[in-house]
Amino acid sequence: MNISKNWLASYIDLDGLDPAEMADMLTFAGVEVEAMHERGVNTDLVVVAQVVQKTPVEGSDHLNVCLVDAGEGSLRQIVCGAQNYKVGDKVPCALPGAVLPGGWQIKEGKMMGHASCGMLCAASELGLPDKEHGLWILPQEYEVGTPVRQFTRTDTLFELEITPNRPDLLSHWGMARELAGITGRSLKADPGDILPPTQAAGDSIRLSSPEICPLYTATRISGVKIAPSPTWLAERLIAIGLHPINNVVDITNYCLFELGHPLHAFDASRVQGALHIRCAHPTEHFTSLMDENYVLQESDLVISDASDRVLALAGVMGGKDSGVTEQTTDILLESAWFLPSSVRQTSRRLGLGSDSSYRFERGAAAWNVLRAAGRAVQLILECAGGKAEPTAVAGQAPCTVPERQAAQATVLEQGSGAKVFCALPQVQLDWKELDVMTNGAIPHMEAARILRNLGLKEAVPGGWDCPPWRLDLKRSCDLLEEVVRVYGIGNIPSTRTAIYVPETPQDRAHDFRCELSRHLAGAGFWEVQTFKLIAEQSADPLIASVQYALPMKPLQEGDTIRVALPLSEDHAVLRPSLAPGLLAVAARNLNQGMEVLHFFECGRVFRNTGGGKGKDIEVEVLGILMAGKLSPTCWDSLKPRAVEPQHLVAVLESLLPKHTVSITPAKLARDAAALSADILVNGQACGFMARVALSACRALDLPQNCYYAELDLRKLQQLATAPFKVKDLALYPASGRDATLELPASVRHADVLKAVESAKQKLLESCRLKEVYSDPTGEKLAADRKAVTYSFLYRKPSATLTAAEVDAAHGELLKALAAKLPEVRYR
Amino acid sequence: MKEQIARVQAEALEQIAAAGCIKELENARVAILGKKGSLTQVQQGMKDVPKEDKPAVGALLNAARSAISAALETRMQELQKQADAAAVAGVDMTLPGGSLPAGGLHPISIVREEAVRILRRMGFTLADGPEIEDEWHCFDALNTPPDHPARNEKDTFYFDSGKLLRTQTSTVQARVMERQAPPVRIICPGSAFRRDAIDATHLSAFNQIEGLYVDHEVSVGDLKGTLEYFLKALFGDDTAVRFRPHFFPFTEPSFEIDVLLQATGQEPRWIEIAGCGMVNPAVFENIDRETGKSLYAGCTGFAFGIGLERLAMIRWGIRDIRLLIENDVRFLAQFQ
Numbered sequence: 001m002n003i004s005k006n007w008l009a010s011y012i013d014l015d016g017l018d019p020a021e022m023a024d025m026l027t028f029a030g031v032e033v034e035a036m037h038e039r040g041v042n043t044d045l046v047v048v049a050q051v052v053q054k055t056p057v058e059g060s061d062h063l064n065v066c067l068v069d070a071g072e073g074s075l076r077q078i079v080c081g082a083q084n085y086k087v088g089d090k091v092p093c094a095l096p097g098a099v100l101p102g103g104w105q106i107k108e109g110k111m112m113g114h115a116s117c118g119m120l121c122a123a124s125e126l127g128l129p130d131k132e133h134g135l136w137i138l139p140q141e142y143e144v145g146t147p148v149r150q151f152t153r154t155d156t157l158f159e160l161e162i163t164p165n166r167p168d169l170l171s172h173w174g175m176a177r178e179l180a181g182i183t184g185r186s187l188k189a190d191p192g193d194i195l196p197p198t199q200a201a202g203d204s205i206r207l208s209s210p211e212i213c214p215l216y217t218a219t220r221i222s223g224v225k226i227a228p229s230p231t232w233l234a235e236r237l238i239a240i241g242l243h244p245i246n247n248v249v250d251i252t253n254y255c256l257f258e259l260g261h262p263l264h265a266f267d268a269s270r271v272q273g274a275l276h277i278r279c280a281h282p283t284e285h286f287t288s289l290m291d292e293n294y295v296l297q298e299s300d301l302v303i304s305d306a307s308d309r310v311l312a313l314a315g316v317m318g319g320k321d322s323g324v325t326e327q328t329t330d331i332l333l334e335s336a337w338f339l340p341s342s343v344r345q346t347s348r349r350l351g352l353g354s355d356s357s358y359r360f361e362r363g364a365a366a367w368n369v370l371r372a373a374g375r376a377v378q379l380i381l382e383c384a385g386g387k388a389e390p391t392a393v394a395g396q397a398p399c400t401v402p403e404r405q406a407a408q409a410t411v412l413e414q415g416s417g418a419k420v421f422c423a424l425p426q427v428q429l430d431w432k433e434l435d436v437m438t439n440g441a442i443p444h445m446e447a448a449r450i451l452r453n454l455g456l457k458e459a460v461p462g463g464w465d466c467p468p469w470r471l472d473l474k475r476s477c478d479l480l481e482e483v484v485r486v487y488g489i490g491n492i493p494s495t496r497t498a499i500y501v502p503e504t505p506q507d508r509a510h511d512f513r514c515e516l517s518r519h520l521a522g523a524g525f526w527e528v529q530t531f532k533l534i535a536e537q538s539a540d541p542l543i544a545s546v547q548y549a550l551p552m553k554p555l556q557e558g559d560t561i562r563v564a565l566p567l568s569e570d571h572a573v574l575r576p577s578l579a580p581g582l583l584a585v586a587a588r589n590l591n592q593g594m595e596v597l598h599f600f601e602c603g604r605v606f607r608n609t610g611g612g613k614g615k616d617i618e619v620e621v622l623g624i625l626m627a628g629k630l631s632p633t634c635w636d637s638l639k640p641r642a643v644e645p646q647h648l649v650a651v652l653e654s655l656l657p658k659h660t661v662s663i664t665p666a667k668l669a670r671d672a673a674a675l676s677a678d679i680l681v682n683g684q685a686c687g688f689m690a691r692v693a694l695s696a697c698r699a700l701d702l703p704q705n706c707y708y709a710e711l712d713l714r715k716l717q718q719l720a721t722a723p724f725k726v727k728d729l730a731l732y733p734a735s736g737r738d739a740t741l742e743l744p745a746s747v748r749h750a751d752v753l754k755a756v757e758s759a760k761q762k763l764l765e766s767c768r769l770k771e772v773y774s775d776p777t778g779e780k781l782a783a784d785r786k787a788v789t790y791s792f793l794y795r796k797p798s799a800t801l802t803a804a805e806v807d808a809a810h811g812e813l814l815k816a817l818a819a820k821l822p823e824v825r826y827r
Numbered sequence: 001m002k003e004q005i006a007r008v009q010a011e012a013l014e015q016i017a018a019a020g021c022i023k024e025l026e027n028a029r030v031a032i033l034g035k036k037g038s039l040t041q042v043q044q045g046m047k048d049v050p051k052e053d054k055p056a057v058g059a060l061l062n063a064a065r066s067a068i069s070a071a072l073e074t075r076m077q078e079l080q081k082q083a084d085a086a087a088v089a090g091v092d093m094t095l096p097g098g099s100l101p102a103g104g105l106h107p108i109s110i111v112r113e114e115a116v117r118i119l120r121r122m123g124f125t126l127a128d129g130p131e132i133e134d135e136w137h138c139f140d141a142l143n144t145p146p147d148h149p150a151r152n153e154k155d156t157f158y159f160d161s162g163k164l165l166r167t168q169t170s171t172v173q174a175r176v177m178e179r180q181a182p183p184v185r186i187i188c189p190g191s192a193f194r195r196d197a198i199d200a201t202h203l204s205a206f207n208q209i210e211g212l213y214v215d216h217e218v219s220v221g222d223l224k225g226t227l228e229y230f231l232k233a234l235f236g237d238d239t240a241v242r243f244r245p246h247f248f249p250f251t252e253p254s255f256e257i258d259v260l261l262q263a264t265g266q267e268p269r270w271i272e273i274a275g276c277g278m279v280n281p282a283v284f285e286n287i288d289r290e291t292g293k294s295l296y297a298g299c300t301g302f303a304f305g306i307g308l309e310r311l312a313m314i315r316w317g318i319r320d321i322r323l324l325i326e327n328d329v330r331f332l333a334q335f336q
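Chains A and B, in that order, give the protein sequences. Quick note, the first sequence lines up with residues 1 to 827 if you use the working numbering. Quick note, the second sequence lines up with residues 1 to 336 if you use the working numbering.
Read the hints as simulated data drawn from the structure, not as lab findings. Nothing here was measured: the structure is a model prediction, and the numbers come from that model. Be aware that one or more of the hints could be misleading.
Said to hold, decoys possible - 20 Å max Cα-Cα, derived PhoX-like pairs, lysine-lysine:
| no. | chain 1 | residue 1 | chain 2 | residue 2 |
| --- | --- | --- | --- | --- |
| 1 | B | Lys2 | B | Lys47 |
| 2 | B | Lys163 | A | Lys613 |
| 3 | A | Lys54 | A | Lys110 |
| 4 | B | Lys163 | A | Lys615 |
Said to hold, decoys possible - Derived coverage of chain A by chain B (criterion: at least 3 residues anywhere in the stretch with Cβ under 8 Å from a Cβ of chain B; other residues may be distant):
| no. | stretch |
| --- | --- |
| 5 | 521–532 |
| 6 | 560–574 |
| 7 | 583–594 |
| 8 | 633–640 |
Each residue gets a CB set at the ideal place from its N, CA and C atoms; glycine is no exception.
Could you put together the complete structure from these sequences and hints?
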């Protein structure tokens with residue numbers, strides 16, 4: 001909301017207060033100053049000047065070289081781009097050295113080769129509301145050379161953010177009252193104090209939805225003369241960024257920004273019979289005064305009449321055909337109270353908001369209904385003439401007091417004929433609560449003074465009547481907030497308390513994750529953070545073919561979770577895997593010329609356990625992507641190796657040094673993964689690993705060697721942080737034997753290991769792959785065969801093995817392998 | 001014999017001096033002291049020396065042997081020194097470094113970890129909760145009015161199931177209080193989601209740290225002391241911190257916290273960094289009503305929330321929030 005300092009000053013004494021100080025006061029009242037604009041000229045270097053000569057600049061379609069008389073005795077040459085002036089016009093001229101609002105300094109310069117010694121100004125360039133498009137054409141009676149500041153006023157405009165609990169601050173009077181309350185500065189006369197004479201509305205107003213509109217008033221004013229607003233009124237509206245329209249409409253707007261209560265003026269000749277405040281008929285149409293069409297629902301409240309036409313959308317906007325025009329002579333002035341949730345719903349659904357709906361949906365005070373009507377009637381009679389009837393009142397103010405309090409509540413009475421009653425909510429406040437909240441830092445007397453300054457009254461001991469404009473004060477904590485806010489949290493001493501708290505599983509998970517991340521960063525991986533909402537088509541995450549895809553079940557149709565209203569299809573489903581994000585990161589960095597594409601991410605993945613019908617589950621996982629080169633090309637390493645699957649396996653093994661990581665190829669093949677496998681740790685499923693489909697690599701412009709692994713962080717943590725005991729060092733030496741097996745190329749390392757294991761050779765301590773040899777040319781070895789060399793280590797815990805014992809054991813093992821592996825030949 | 005010894009010694013010393021490298025010296029040693037070496041051969045002549053001459057010849061022989069050994073040793077040292085010098089002469093220590101693969105942590109992880117470390121030092125423990133939440137934990141429990149704008153499907157991601165992506169990590173407040181009796185002293189780093197179009201200052205998914213302390217007689221002073229300590233630990237001891245009254249449905253009184261920060265070449269500015277407040281009693285009532293126990297009656301507490309992206313942006317002068325999700329290594333490498 002915009003607040004003009006000059007306007008505000010008509011309600012509160014702001015003498016000697018500079019704008020920065022005032023911004024601070026507002027800030028500490030809980031009202032954030034989002035911006036501050038200086039308006040008007042505060043230098044003598046902007047003067048009235050008369051255009052004496054105007055010559056178009058050759059080669060420019062808009063610039064003119066002007067000679068102007070700025071009252072200096074000689075003429076001044078200025079190049080000007082505006083179009084709306086002629087020779088003889090008087091305009092503001094900023095002389096070199098002048099600093100205009102916004103810190104804009106005027107200097108002598110050249111434009112397209114012509115000297116320009118100053119600037120002819122538009123009103124907006126002087127921080128004043130723009131009066132016309134282009135230069136500000138001044139009245140001829142101003143003398144040339146007169147400083148413009150002599151006939152303009154300076155002002156400061158504050159752009160404020162009012163929190164939703166304080167609708168009472170959405171007006172100049174409201175803001176003045178607040179400032180007076182918190183600073184003790186004195187408040188001037190309340191402009192809302194002039195209540196109109198009232199009468200019961202009788203048949204002239206029909207309330208069909210009293211739960212949405214319990215109170216409606218209308219004042220008929222006959223014989224008004226619609227005309228432009230007086231200057232003072234127009235200037236105030238212009239100052240806060242509004243455009244004056246005509247006196248009656250401007251006064252309704254003015255009252256809104258003065259007292260905070262929205263009003264609406266109907267052309268009385270357009271209203272047939274009684275006003276009828278009712279819910280809209282289903283699919284009823286409404287044309288707003290902006291000439292937009294809307295289809296209404298039964299939940300929308302409208303103002304209608306005997307003809308059943310919609311005259312206005314209650315609290316939101318007037319209708320096209322019922323508003324005040326130049327021809328209007330009689331008006332009906334509406335001042336009413338509408339249910340906030342109803343106005344909000346209508347305004348939001350139709351995408352139609354206004355200064356009026358903004359206030360009603362935050363909560364307008366029913367107490368303001370007659371005040372605003374009275375103020376508007378006063379101003380209309382003053383500015384537009386006419387004769388007002390007593391204000392017709394239908395219904396009653398909504399009750400703001402809990403039922404059990406109603407009998408004792410203080411009640412304010414408004415109106416002369418028909419009365420409006422506003423009961424004041426009473427809040428019980430025990431000073432003990434204040435003492436607990438503030439450690440006794442605020443004296444009770446001081447707290448009571450603060451509450452009284454804000455308009456509260458201690459009606460009974462400990463029972464505080466809240467002022468009728470403060471709809472947000474309902475409970476003791478609301479009052480405590482007021483006390484703390486005004487007293488200033490800065491004045492409450494800081495204390496530090498700490499209690500012993502046990503470490504939680506989340507603490508341990510966090511520590512593990514940090515450690516893991518540092519390990520991977522140290523191993524040459526970049527940690528990334530990718531988007532949790534991804535495109536549906538990228539969600540098919542390599543993982544469906546894997547037996548133990550995370551969380552340990554293949555992804556089925558419908559398992560991905562889609563948001564109902566995505567911002568775009570690129571961010572439509574919750575990621576079921578980190579793979580799509582990491583692949584996108586790799587592609588992005590490859591484009592930047594990165595050749596080592598090693599990334600990881602720790603984060604949540606999401607899926608439904610039953611094709612959209614089961615539970616939504618979230619699992620913390622670690623995703624690792626390796627693609628491209630193993631290390632960067634460098635002067636000492638001109639041809640770094642390409643990443644191969646064993647490099648990723650080595651990384652996985654480095655995460656779990658005490659455990660056996662085995663990779664079990666998956667049975668089913670699927671598009672997204674050229675090759676995929678489950679990762680078992682000590683035989684327990686822990687995640688999956690995949691070679692990204694070559695087609696996917698091509699589509700993303702990624703290198704063909706793109707490997708990905710995803711691990712369940714919780715399982716990883718359990719394994720990696722499991723307690724352990726040290727093993728005794730072996731007392732007797734081990735003996736090694738190598739064996740080279742020639743095998744069909746299709747036999748995998750895992751098959752050999754399985755065969756070795758099933759041979760159950762007791763003396764065998766370990767078996768390590770030493771070399772893999774193949775010859776694609778088929779010259780030294782058939783192309784469909786490979787030669788693999790393993791080192792076998794034999795040991796007996798209790799004695800040194802003899803060579804004969806080792807040979808015997810090794811022979812047995814090779815025999816067993818020959819029986820278990822297909823077409824094996826020893827070399 | 002004596003002349004023979006003198007001649008062999010003289011020849012040997014000449015040989016040693018002439019050795020130009022360690023290998024030649026080794027050859028010389030063998031030629032002099034080896035099995036068939038010149039001195040060894042002379043020594044074998046001892047058996048023919050008359051008994052009375054033996055002591056004198058023996059002494060001469062020993063002297064020759066010592067002189068030769070000393071010369072060998074000296075020459076060996078000289079040659080080794082030359083060889084060592086030659087061995088390192090060609091090494092250029094000024095060559096650029098080789099190629100270790102580089103890696104590093106994401107800036108959000110770095111600030112998260114730092115904030116968590118400070119808060120844990122202050123006696124907070126970690127807690128978490130689901131990101132797919134229900135309306136009760138996200139809004140109802142936290143005293144958000146039924147028609148609050150945040151509940152709108154244009155501002156919040158909903159699912160067909162009626163659940164939603166949590167709009168704030170404050171959901172964890174409700175989750176923890178539901179299952180735990182006071183005192184509660186937790187922090188929760190985590191993701192939150194809002195249906196904002198992504199631009200230089202907005203992400204639809206972002207990271208926060210939520211904090212909650214509930215006990216009997218927790219005061220505004222505690223809130224202030226805790227957050228002042230936390231922010232000073234984060235931004236430096238001489239950082240000024242101020243609390244500005246604000247409004248959140250789940251706290252009352254509520255504050256926004258600014259820190260006074262100075263960018264190079266600029267005037268210090270107050271920068272909004274976090275929101276906080278005393279837990280609204282309505283939140284305690286909601287929890288107690290839901291659990292059917294009255295664990296939180298008479299409790300007071302404070303809560304705070306801080307955006308990690310904002311923290312990172314302020315700390316490192318990051319101008320576009322999207323850098324934090326683009327994961328461009330040219331950006332990430334700056335945090336190594």
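Taking the hints in turn, this is what the structure says about them:
no.: 1; hint: B:Lys2 <-> B:Lys47; verdict: holds (14 Å)
no.: 2; hint: B:Lys163 <-> A:Lys613; verdict: holds (13 Å)
no.: 3; hint: A:Lys54 <-> A:Lys110; verdict: holds (17 Å)
no.: 4; hint: B:Lys163 <-> A:Lys615; verdict: holds (11 Å)
no.: 5; hint: 521–532; verdict: holds (count 12)
no.: 6; hint: 560–574; verdict: holds (count 9)
no.: 7; hint: 583–594; verdict: holds (count 5)
no.: 8; hint: 633–640; verdict: holds (count 6)
Every hint from the earlier list agrees with this structure, and none is contradicted.
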